[in-house]
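For chain A, the structure is supplied; the task is to place chain B on it using the hints.
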Amino acid sequence: MLLLIPILAQAQPNKEVIVKGYYEDRLLDLIIMELEINYRLKFEYEKSDIEDVRITARIDRVPLSSAMKIILHETGLGYSIDGKNIKIFKEEKRLYESVDVEPTRSDFKITGIVRDVESGESLPFATVFVKGTASGVSTNVDGYFTVFNVPSDTAILRIQYLGYQTVNFRILPDMNFERLIITMQPTNQQLQEILVLGEKEDQLIKASTGISKVSLTPKTISILPSLGEKDVFRSLQMLPGISGTSDNSSGLYVRGGTPDQNLVLFDGFTVYHVDHLFGFFSAFNSNALKDVQLYKGGYPAKFGGRLSSVVDLTGKDGNTENFNIGLGASLLSVNGFIESPFAKGKGSILVAGRRSFQSEFYNSIFENIVGTDNLTNEVQGGRPGGGRFAQAETQPNSYFYDLNAKVTYRPNKRDIVSLSFYNGQDDLDNSRTVDNSTLPAFLQNDDSEFRNNVIDKTTWGNWGGSLKWSRKWSDKFYSNVNGSFSNYYNSRNRSTDIYFERDTFVREIKQGTVEDNNIFDYTFKWDNEWKITPNNQLDFGVQTTYNDVKYNLIQNDTLTILDRDDQGLNAAFYIQDRITISNKLILQGGLRTVYYDVNNKVYLEPRASLIFEATKNIKLKGAWGQYNQFVTRVTREDIQQGSRDLWLLSDGETLPISKSTHYIAGASYETPTYLFDVEAYYKPLSGISEYTTRFVIEGRGPDRTLNYEEQFYEGEGVAKGLEFLVQKKIGKFTGWASYTLGSVRHNFEIYGEDDYPALHDQTHEAKLVAAYQYKKFTFAGTFVYATGKPYTAPTGYYEMELPDGTNSDFWVISDKNALRLPDYHRLDLSATYNFRLGQTKAELGLSLFNLYGRKNIWYKEFEVIDDELLETDVLLQSFTPSLFFTWSLK
Amino acid sequence: MKKSIFYIAFALVIFGSCTDDSTVVEIPQSVIVEGFLHENQSISNLKLMSIIPYYDSLDNQNIITDATVNIEVDGNNFTMTSLGNGYYELPNLTIEATKTYKISLDYYDETITAETTIPTPLTGIAISDTLIELTQVTTGGPPAGGGSGNFNEPPLDITWDNDGVSYYFVSIKNMATDIEWINTARIPEEETLFSFSSDPESTGIHSLDVGRRLTQFGQHQVIIYKVNPEYALLLSEQSDASFSLSEPYTNIVNGRGIFTGISSDTLYFNVEPL
Chain A
1 MLLLIPILAQ AQPNKEVIVK GYYEDRLLDL IIMELEINYR LKFEYEKSDI EDVRITARID
61 RVPLSSAMKI ILHETGLGYS IDGKNIKIFK EEKRLYESVD VEPTRSDFKI TGIVRDVESG
121 ESLPFATVFV KGTASGVSTN VDGYFTVFNV PSDTAILRIQ YLGYQTVNFR ILPDMNFERL
181 IITMQPTNQQ LQEILVLGEK EDQLIKASTG ISKVSLTPKT ISILPSLGEK DVFRSLQMLP
241 GISGTSDNSS GLYVRGGTPD QNLVLFDGFT VYHVDHLFGF FSAFNSNALK DVQLYKGGYP
301 AKFGGRLSSV VDLTGKDGNT ENFNIGLGAS LLSVNGFIES PFAKGKGSIL VAGRRSFQSE
361 FYNSIFENIV GTDNLTNEVQ GGRPGGGRFA QAETQPNSYF YDLNAKVTYR PNKRDIVSLS
421 FYNGQDDLDN SRTVDNSTLP AFLQNDDSEF RNNVIDKTTW GNWGGSLKWS RKWSDKFYSN
481 VNGSFSNYYN SRNRSTDIYF ERDTFVREIK QGTVEDNNIF DYTFKWDNEW KITPNNQLDF
541 GVQTTYNDVK YNLIQNDTLT ILDRDDQGLN AAFYIQDRIT ISNKLILQGG LRTVYYDVNN
601 KVYLEPRASL IFEATKNIKL KGAWGQYNQF VTRVTREDIQ QGSRDLWLLS DGETLPISKS
661 THYIAGASYE TPTYLFDVEA YYKPLSGISE YTTRFVIEGR GPDRTLNYEE QFYEGEGVAK
721 GLEFLVQKKI GKFTGWASYT LGSVRHNFEI YGEDDYPALH DQTHEAKLVA AYQYKKFTFA
781 GTFVYATGKP YTAPTGYYEM ELPDGTNSDF WVISDKNALR LPDYHRLDLS ATYNFRLGQT
841 KAELGLSLFN LYGRKNIWYK EFEVIDDELL ETDVLLQSFT PSLFFTWSLK
Chain B
1 MKKSIFYIAF ALVIFGSCTD DSTVVEIPQS VIVEGFLHEN QSISNLKLMS IIPYYDSLDN
61 QNIITDATVN IEVDGNNFTM TSLGNGYYEL PNLTIEATKT YKISLDYYDE TITAETTIPT
121 PLTGIAISDT LIELTQVTTG GPPAGGGSGN FNEPPLDITW DNDGVSYYFV SIKNMATDIE
181 WINTARIPEE ETLFSFSSDP ESTGIHSLDV GRRLTQFGQH QVIIYKVNPE YALLLSEQSD
241 ASFSLSEPYT NIVNGRGIFT GISSDTLYFN VEPL
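In order, the protein sequences belong to chains A and B.
Under the numbering used here, the residues of the first sequence are numbered 1 to 890, in order.
Under the numbering used here, the residues of the second sequence are numbered 1 to 274, in order.
I should point out that these hints are in silico values taken from the structure, not numbers from a laboratory.
We treat Cβ as the ideally placed atom computed from N, Cα and C, and that holds for glycine.
Some clues are possibly wrong.
Claimed, not checked - Here are the in silico distance ranges between beta carbons for each label pair:
id, chain 1, residue 1, chain 2, residue 2, range
1, A, 752, B, 203, 34 to 42 Å
2, A, 518, B, 126, 24 to 32 Å
3, B, 131, A, 463, 58 to 66 Å
4, A, 510, B, 99, 46 to 54 Å
5, B, 138, A, 459, 42 to 50 Å
6, B, 236, A, 602, 41 to 49 Å
7, B, 106, A, 815, 22 to 30 Å
8, A, 597, B, 41, 56 to 64 Å
9, B, 72, A, 604, 54 to 62 Å
10, A, 518, B, 161, 34 to 42 Å
The following block holds chain A by itself, in its conformation from the complex (with noise of 0.2 Å):
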C-alpha cells in the first residue's frame, strides 16, 4: 500500500530519540501511554480521533520521527513532533494548520491516488489542482491523478468530488510524490459530529467541469425524491437538456435523441435497456454504483457507436479496509448489499441485490401502467374491456430483480483487475388455464374433455459481465484492457392451446405468438492515457464489438412470420489529443475511425472542443463532432400488449446507418457558490428510421398476395434548442433551476413533404431542484413543467357499409403530431432523516411524488360508440408516497 505520513521536518529536535517497540493488534492509546512512559514524551491528541484504532508494528531501534512514521501507517493520522511534544491529529484536520517549513523543491510532479477513508474505495473523477494556480487534473477511472508544475513542496493540494468534503491538503517536503494517497470523507458523516476542517462539496451534480458533461453520484443524488427507489436515471432527467417528463420511460431523452440513441457503459460493457416495471425504474441499483458521467453532446472521441449521448456508470469496488453489510427496503423492493476486503485489502468484493414484491403499493404502479385509472371525456364509463394486461379472472404475477457484483484486486501498486457481474429481469406472468373443472357444474359433462390454456408471459432484462485490467505503466502512461459481454433479451409467449376431446373426436388448435428478440455483444477496448508534457494529453486505443442480433416472431405454433439472425463487427480506433495554452484554452481534437463489416465500409468521425478562460470566473465553450450508429432499437407499437423494444443491427439498406452531427456553444459563469450556466445546440440526424411489422400487398392483378413483413421507413431530423443553469452549489440550500428551449422536428417521406415534430419534442421545459440540510434532516423538492408532447387524432371518419352487410367507422386522422397534450407539470417532495442505531447507520426518508395529483397525459386512445368519438386521456402516474429504510453496518 502506498504510504502517507508527512513529517514536519523542521520541527525534529537535535538530538532524536530512539524507538524499540513490538506491537501485535494493540490499541493506539495503549502505545501512546507505554511511549510516554518510556521515553517521557507528551502526546497531544482527541480522544475520538485516535480510538478503536489498533497497531501491528514492529520498531527496532529508530528514531521517533522514523518510529511514528511506522506506528501511524495507514491509519489516516498524521503527526508533528515538536521537541518531546508530539501532536496527533486525523490529516484532513492538519491541511489547513500553517506550518512552518521552507519549501525545498519546486516545478515538480505529483502522482497519487484520491480514496473514500472509510471504505477505500478510489474516487474516479474527482478534480486535484493546486490552490492558487489554474493548474488541475481530473482522476481517471481507477482514481489516479499526476499534477505537473507543481510550483513547491508546501502546496495546497484542492480535492473535489461530489457527496465528499473538499480536501485542502497541504503537501510537505518529505512526502512520497510518487504515490502519495489522499483520503475524502462523505459528507454524510457529519452526522458523527467530527470538526470538519475541510469545506464540504454540498453540489448535487458537477456541471461545470466539460462542455455538454455533467457528474454525479448516487450517494448525493439519492436525496432528491424518487417514486420509491432511488433511481440515477430519474435523477438524470432533472437535468437541462433531458426531457424530466417521461414518467414511463428510465430512458434518456438527450437534446431530442431517443434512448436508444444514449450509449450507456457500466463498468466498461454496454447496457442496452435501463427499465425495470416497464420504465418506471431504472434497472441499476445505486447501491452498487460509485460514480456517473453523463455526456450529453459533443462527446470526445472515446466513445462511439450512439447519435446523442453516453452515460459512463462505474460500479464499487467493494470496501478495501473493512467488512460491510447494509440492507434496505422500500414499498416496492428489498435491497441489500455485502463487501468486504480480502487478501489484506489487495482485494475487495461487492455482492448488491434487489428484487422487488407485490405489495399494494407495487400493485397500484402496475395498474397505473397497465390499467384504467384514466380519464375518458364525451362518453361516461370507463373503456370496454378493460386494462390491456389486466383479466378480470386473474391477477398477473410480475416481479423484477437485479444482480451485481464486483471483485477487485491490487497484485501491486501498478496494477488493478476486476470483474464485474451485472444481472437484471423483469417477468409478466398472466398465464390461466379454463378446463371442465372451472366451468359451471351443469354444463359438465363426464364424456368429454375441455381445456384452455392461456399462456401470457414476458420476460425481459440484461446480462452483462466485464474483465478489466488497468496498468499504470508509469507517471505520465496509464492502460486498460477491457474485455466485456452483454446480453438484451426480451421475449413474449402470448399463446392458447385450446384441447378439445368427445368419444372419438379430439381436436388440439394452438394460436397466439410467441416472440423472441436476443442482442449479444462482445467487445474488446484497449484504451491508453498518455501525458505527453503537462499540457498535452494523448488518448488513443481500439474498441471491437461483436454483435449477434436475433428476433423471432412465430405464429399459431408453426408458422414463422419472422426470423432475423444478423452479425455484425465494428472495428473502431480513435485518438484524441488535449492541449492546454497559457492555462486559458484547452483544445481537444480526435479522429474515430470505424470498420463496419456488414457494409464493409470505413466511417470517420472526427471530434474537437475547446475551453477558453476568459476570466477567473467566465468560460466559453464550443464542440463538434460526428457520430453513427449500427445498432438500432426499434419500437413496434402494441396498445394491447405493451409495445416491444427490438434491437436490430443495421445492414446500410433497409434498415439505414444513421448519422448525426453536434454543434455546440455555451458559455459559463462560475463563483465559488454559484453557477450560471448557457449552451446551444444545434443536431442535424439523418437515416434515422420508423418500424412497422404489418400486412403488405405484393405483386399486381390476380398474383397479388398479402404478406406480414418490417417495413422501415427512413428520415431524417434536427434537434436544435439552447439550454439555462443556474446552481447554487454550496451551503445548506443548494439545487438549480433550469430551462430549457427546444425543438425536435422529423421528416420522413412516408408522411409526406413536410417536417412535423417527433413525438418527444418538447418546446419549453422549465426545472426546480432544491435541497435544504437541517441537522440530520434533508429536505428536497423537484419540480417540473413543459409543454405538451405532440400527437395525432382523429378528425373526422366515414362510414361504409361491407359486402356482409354490416356498418364500419374509418378514421381519418390530422397531420402527424399535429396536436399537443396539455402541458406537463409535477412537483415531488422528499424528507431523509440520517441517524445512528448504535455504532452502526441507518437512513429513513419518505417521498411524495406529484403532490397536488396533477393529472398528466401520457397518450390518448380513441374509438368511436354510436357515432361519437370517444376519447380516453390515458394518465401518468399520479400522487404516489412512499417510503423507504436503509441500513449499514459502516
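The following block gives chain B in isolation, referenced to the frame of chain A:
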C-alpha cells in the same frame, strides 16, 4: 440570491404557460369510394361520400351525388348513373372473374382512380353438418365464455378450395322469422337475429365453435366470401393510441375507401332442439 432563483423560475413557468401549441386541425375534404364489385353481377350500389368531421352535425350524410364516375374494363369506358342518394349504378355491365376494372372520377379538384381484379368463383365448398341438434338450456347462470352452453358439441366445419392468393371470410345469419333462444336463461335485452362474420384469412376452412357461437334455433345461411388482399388490409387492426395512429388502408388514389372485387357462394344449416 434565493429570491432571484425563485423569480427566474417563476418567470420561466409563466413564459411556458403562455405558450399554447394546441391547434385546431382542419382536414381537406376527399372522396370516399365504397365499391364492391361482385362477380357475375352488375354494379348496383357503388357509393361516393366525403369525410364527416367529428363534432359536426350528424344529420349531414356527406354524400356525393353529382360526380361523373367512369368504369373502364378491357379498354372500354362506361359512365355510371347517379341514383341521387350517393349511390351509383351500372346495370348493363356484368362483372367477370379475372378481369381488371378501373374507376375514375374528378372531384374536389382531384382525379380519383382505383383498380381491382375480380376473383375467380369459389370451388369445393362443403359443410360438415347441415343439422345441428342442441340442448335447450333453461336454468342456471350465464355460462362462462358465452354462447348456448353446449360446449361439448364438435365444431361445424365449413370448407372450400383455398387458391393460396385470395382471402376468405364467412358470414352466418339466422334466417328464421321468429327468434327462439337456445339458452333461455340469458336472453339479451335487445333481441335480434343471430349474425356473425369472420375475419378475412388465407385459409380453406372455418370451424364454427357451435357451443360458444350459436345462440338461436333456426335455419342459418352461410355466405363464403372470396376477397382480394386489399379488402383484408382494409380490415386489419388499427391502433387506437394517439402516438401510433394511422389511417386505414385504401387502394383509392387521391381518395379514401375501397374498390375491390368479390366472389361468393352460399350454404345453409339448421339448428334444432334435441
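Hint by hint, here is what the structure shows:
Taking the beta carbon of each, residue 752/A and residue 203/B are about 37 Å apart, inside 34 to 42 Å as hinted. Taken as a hint, the range 24 to 32 Å is violated for the pair residue 518/A and residue 126/B, whose Cβ atoms sit roughly 45 Å apart. One distance hint, 58 to 66 Å for the beta-carbon pair residue 131/B and residue 463/A, holds here, with the actual separation near 60 Å. Range check, residue 510/A to residue 99/B: Cβ separation about 40 Å, and the 46 to 54 Å hint is violated.
The given range of 42 to 50 Å is respected by residue 138/B and residue 459/A, whose C-beta atoms sit roughly 47 Å from each other. Evaluation of the 41 to 49 Å hint for residue 236/B and residue 602/A yields a pass: the beta carbon distance comes to about 42 Å. Between residue 106/B and residue 815/A the C-beta distance comes to about 25 Å, which sits within the given range of 22 to 30 Å. Here the CB-CB span from residue 597/A to residue 41/B is close to 59 Å, well matched to the stated 56 to 64 Å.
In this structure the hint that residue 72/B and residue 604/A lie 54 to 62 Å apart at CB holds, the actual value being about 55 Å. In this structure the supplied range 34 to 42 Å holds for residue 518/A paired with residue 161/B, their Cβ-Cβ distance being about 41 Å.
In terms of the numbered hints stated before, the structure departs from hints 2 and 4, listed from lowest to highest.
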